Amino acid sequence: MGMLSIFDVSGSAVSAQSQRLNVVASNLANADTVAGPDGKAYKAREVVFQTVLMGAGGAGGAAAQDAGVRVSTITEDQTPGRRLLDPKNPAADADGYVTYSNVNPVEEMVNMISASRSYQDNIEVMNTAKSLLQKTLQLGS
Amino acid sequence: MIERLTSALDFQAKALVLRAERQQLIASNIANADTPGYVARDFDFAQALRSAAAGSSAAGSSSDGSNALGSPIAGDPLADGTGGATAAPRLQYATPSQTNLDRNTVDMDRERAAFADNALKYESTLTFINSSVRWMQDAMKSPSQG
Numbered sequence: 001m002g003m004l005s006i007f008d009v010s011g012s013a014v015s016a017q018s019q020r021l022n023v024v025a026s027n028l029a030n031a032d033t034v035a036g037p038d039g040k041a042y043k044a045r046e047v048v049f050q051t052v053l054m055g056a057g058g059a060g061g062a063a064a065q066d067a068g069v070r071v072s073t074i075t076e077d078q079t080p081g082r083r084l085l086d087p088k089n090p091a092a093d094a095d096g097y098v099t100y101s102n103v104n105p106v107e108e109m110v111n112m113i114s115a116s117r118s119y120q121d122n123i124e125v126m127n128t129a130k131s132l133l134q135k136t137l138q139l140g141s
Numbered sequence: 001m002i003e004r005l006t007s008a009l010d011f012q013a014k015a016l017v018l019r020a021e022r023q024q025l026i027a028s029n030i031a032n033a034d035t036p037g038y039v040a041r042d043f044d045f046a047q048a049l050r051s052a053a054a055g056s057s058a059a060g061s062s063s064d065g066s067n068a069l070g071s072p073i074a075g076d077p078l079a080d081g082t083g084g085a086t087a088a089p090r091l092q093y094a095t096p097s098q099t100n101l102d103r104n105t106v107d108m109d110r111e112r113a114a115f116a117d118n119a120l121k122y123e124s125t126l127t128f129i130n131s132s133v134r135w136m137q138d139a140m141k142s143p144s145q146g
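Chains as they are written, first to last, in our numbering: chain B, 1 to 141; chain F, 1 to 146.
In case anyone wonders, no lab produced these hints; they're calculated from the structure. All values reported here derive from a predicted model rather than from experimental measurement. Watch out, some of these pointers could steer you wrong.
[Unchecked claim] Derived lysine-lysine pairs resembling DSSO-like cross-links, with alpha carbons at most 27 Å apart: (1) B:Lys88 to B:Lys43; (2) F:Lys121 to B:Lys135; (3) B:Lys130 to F:Lys14; (4) F:Lys141 to B:Lys88; (5) B:Lys88 to B:Lys40; (6) B:Lys130 to F:Lys121.
[Unchecked claim] Derived CB-CB ranges, DEER-like: (7) F:Gln47 to B:Thr79: 15 to 25 Å; (8) B:Ala25 to F:Leu9: 28 to 38 Å; (9) F:Asp10 to B:Ala25: 29 to 39 Å; (10) B:Glu107 to F:Val17: 42 to 52 Å; (11) F:Leu101 to B:Tyr97: 45 to 55 Å; (12) F:Ser7 to B:Ala25: 50 to 60 Å; (13) B:Asp77 to F:Lys121: 38 to 48 Å; (14) F:Lys141 to B:Lys130: 51 to 61 Å; (15) F:Lys141 to B:Ser114: 20 to 30 Å; (16) B:Gln78 to F:Asp102: 17 to 27 Å; (17) F:Met136 to B:Gln19: 47 to 57 Å; (18) F:Arg103 to B:Asp77: 37 to 47 Å; (19) B:Leu84 to F:Ala113: 41 to 51 Å.
[To be verified] Over the 12 Å line for every Cβ pair with chain F, so calculated as not near, a few chain B residues: (20) Asp8; (21) Tyr97; (22) Glu107.
For every residue, glycine included, the Cβ atom is placed at its ideal position computed from N, Cα and C.
Using the sequences provided together with the hints, build the complete structure.
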């Protein structure tokens, strides 16, 4: 309904983008990890966004449908990780190779910039909606 | 008599409601700028205002709006959206200017421009309503009130 639902829509987008940023942070932090929590090499994670309808089927029937966004799943990148010959490393396998995580730092940086820009966009939308609503409240005075 | 006082406001009020709705729609588009498969939507403001002012709804197709968004029809970007129920404007899908690998058709440049434009026009509608109210108040004042 009206402009108030902008805060729901943009709020959901902001939280989804911050979750994406969170995943990027954990990927970058583990860019050089040899073993993840399961003992195997860390696998890069990626969020999958999904549109979620908010306030659909309201009293107004097919009035403007508020399309928010949420993180539906977090997928793991299944490409094999980097393998380096380092027989002295305690994590080396029988052949003397160490398997590192498959995080691509360049990809993650691009992802981070995109997430932060989208975050800013949605904050901007909320700021504009807020100032418009404030002016609407002062209507007729 | 009282209708004649408020009839001037009626049109602006309808415009204001439509502006708010469009603002909301653009906010949805911006929120879904990174969602795979999302199809950007908008409506023809002039057309919507015309039909709102005429007091008639764009009587048309049944409202299956949830379907239209939940599973976008990939091959048909220009298809009309749902016909609104009462005063809801007819939603249309945006034609993508550059195709995307994830079938998302949100053009952030266009959405940002539309958002700023719509916000400004919302504010000007507010200003129009405010000044109409002020004119009416002035007209109601007695000469001694200054």
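- [ ] Could you tell me which of the hints above the structure violates, numbers in ascending order?
- [x] 4, 7, 8, 9, 11, 14, 15, 18 and 20
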